[in-house]
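Asker: Chain by chain, the residues run as shown.
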Amino acid sequence: MSEASGAGSGPGPLPSAAGSPGSSSTGSSAVRDKGWTAALRGRLDGRLPLEEVLPTRQPAFVGSWVYVFGVVTIAALVWVLVSGCVLAFMGSAWWHTSNLGHFFNSIHFWSVQMFFIFMVLHLWGQYWGAGWRDGRAKTWMVGVVLFLVSIVTAFTGYLIQQNFDSQWIAVNAKDAINATGLGGFFNVLNFGQMYGIHVMLFPIALTLLVVLHIVQVRSRGVVRPIGDPYAPASGESVSRGAPR
Amino acid sequence: MSARRPKIDKADYYRGIRMAPYDLVKEIAIATIGVLVVVLILSAVLSSPDVPSATIQAWAKSDPVDFVTTAASELSSQSDVAQYGPPYTSGNGSVQSIGPIEPQVWAGVHVAVNAPLDFVLQPLSQSTVDDETLASALTTFNDASAAQQGKWLTAYNQALGSAKLVDTEVSVPGGDYGPVAVLMSRLLTLARSGGLDALLLTSDHFYQTDYSKPLLFLSDGGYFPGLAQVQDLTGSQWGMMNETGRYPGQAWLWLFTLWYQIPPFNAASNGDLLVVVMMTLLSVGLLLVPFIPGVRDIPRWIPVHKLIWREHYRNVQRGETK
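First to last, the protein sequences are chains A and B.
With the first letter of the first sequence counted as 1, position 218 gets the number 218 in this note's numbering; the numbers rise by one all the way through.
With the first letter of the second sequence counted as 1, position 85 gets the number 329 in this note's numbering; the numbers rise by one all the way through.
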């Protein structure tokens, strides 16, 4: 750190090697930085260097069409979020009274439909490619959680349309949710509660899970094809910063 | 337990694999624009569904007999909601359990509904201005014993079986209904004016966002499900995954909906709970696919992957992967 030049006023001795030419502040110096911040930085540097986040070379088999579904799922999610932000900003009743509002609702509606179509295709693609192999089970599991959270998010969206569809869905869904004992805490008849959950809590959760999922995919890399004759011997895992 | 796996780095992991140039940002940009174009076309051509919400006012105008019948069942605590059980009431009419497992009962009442008071007496008591007949009827009903109220309501509910619509009023054969006929008549008038839609939303707060009571009241009648039947939205019509009009609905709920169409789920009194348990187990199963022998091996047994990576396998056969 720059304080090592002598400007620091703390009571402790300053590490003489830190800040010297050739030293690194990321943990490779003779005397490593300590603390939670340094630990987090070192962990991120080790697990997710920029060349892994934004790769310019990938295994040639990534050219398969099946890899497109993950990217277009995220693309659809982008438009779900953008159109949702516009609808949220303009108010919950806007789209019923404005042609422009109805058009934005249509964008939201079709983006959601495409999001799910692509996500299911991505899920099936990963299943048939056994994408969880070589230490990628957590990546698969986060993807499944994403799928389930997406379903609940979409469900709350249907509940806050403020039209006949939302009334009917709420009245019918209540019985299944009540049967689990959750109906008093997740009241599908309460528009205000569902609105807050749909426009804030679940989108944040969904976005964070998507980021985590992408980080998992990028940090471990895509799995090799099944039955690859050049694959690592069975039982080998991959160190952090590389696919396990 | 086996020893910890030896670790290799990414270069080792991809040994034997030909690496190719790849432009992630370009791919994301093209995908984002491509999806937007498709979404814009679909939105412009097909729009999106928006069937107006049902109102109590429309219900009272289009099917007054059903409205009054429902209101009378609320007043006599005979309706589905009045006897529902948690989270609305302390009853057990709609309580579901699996053996001794009763999560609905364990959770208790959290959205308390007093059907006679919330749906009938309270709204009427807020509408007594300049209506001494109504005020008197309310006083008579409230001051009567529970047994007397029960006699009036039983007689009125039976009479509703032969009710007729005369102009805008629901007419029942003569009988000893006490003040009940006046209460129902006034509630129908209130509903037809649209006032009941608003009064069912009122509480101690100025701002309102909780539609529990008006929705529960609507759900007790026959008018509301009738509208859904026309739109192919009922449970037996796979309604959970349908949308109003000819639009795609929540198609991703197809499996959830499927269970409601087949035994034992479609005939069980605890069908909802059984379906939820089934879907929870299946969801956990999907989550744990990587660890379930057999399920995780299917992709190796059924070689769909030969299609997914056909170019790669072709190159392997030619010895061109390196």
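One or more hints might be untrue.
[Unchecked claim] These stretches of chain B come out as covered by chain A in the derived footprint (C-beta under 8 angstroms, 3 or more residues):
id, segment
1, 301-312
2, 526-537
[As the list claims (entries may be wrong)] No farther apart than 30 angstroms at their CA atoms in a straight line, the calculated lysine-lysine pairs in the DSS-like style are these:
id, chain 1, residue 1, chain 2, residue 2
3, B, Lys270, B, Lys254
4, B, Lys254, A, Lys34
5, B, Lys550, B, Lys254
6, B, Lys305, B, Lys550
7, A, Lys138, B, Lys270
8, B, Lys395, B, Lys408
9, A, Lys138, B, Lys395
10, B, Lys305, B, Lys395
11, B, Lys408, B, Lys305
12, B, Lys550, A, Lys138
It is worth saying that the hints were derived from the structure and are not from the lab.
Computed from a predicted model, the values in this text were never measured in an experiment.
By construction, the Cβ of each residue, glycine as well, lies at the ideal position given by its N, Cα and C atoms.
Asker: Each hint needs a verdict: does it hold in this structure or not?
Answerer: Each hint tested on the structure:
Judged by the Cβ-Cβ criterion of 8 angstroms, the segment 301-312 of chain B is not covered by chain A as claimed, because only 0 of its residues qualify and three are needed. Requiring three or more residues with a Cβ within less than 8 angstroms of a Cβ of chain A, the coverage given for the segment 526-537 of chain B holds, as 7 such residues are present. Only pairs whose Cα atoms come within 30 angstroms are accepted, and Lys270(B) paired with Lys254(B) is accepted, the gap being roughly 24 angstroms. Taking the CA atoms of Lys254(B) and Lys34(A), the gap is about 28 angstroms. The hint holds against a cut of 30 angstroms.
Our distance criterion of 30 angstroms between C-alpha atoms is met by Lys550(B) and Lys254(B), whose separation comes to about 24 angstroms. Among the hinted pairs, Lys305(B) with Lys550(B) is inconsistent with the structure: their alpha-carbon atoms are about 63 angstroms apart, more than 30 angstroms. Taken as a hint, the Lys138(A) and Lys270(B) pair is honoured in the structure, with Cα atoms around 28 angstroms apart against an allowance of 30 angstroms. A threshold of 30 angstroms between alpha carbons decides the hint, and for Lys395(B) with Lys408(B) the separation of about 22 angstroms falls inside it, so the pair holds.
For a cut-off of 30 angstroms, the pair hint linking Lys138(A) to Lys395(B) is broken: about 65 angstroms separates their Cα positions. Of the pairs offered as hints, the one joining Lys305(B) and Lys395(B) holds, with about 28 angstroms between alpha carbons and a cut-off of 30 angstroms not exceeded. As the CA atoms of Lys408(B) and Lys305(B) are separated by approximately 14 angstroms, the hinted pair is consistent with the 30 angstroms bound. A hinted pair counts as satisfied when its Cα atoms are at most 30 angstroms apart, and Lys550(B) with Lys138(A) qualifies at roughly 25 angstroms.
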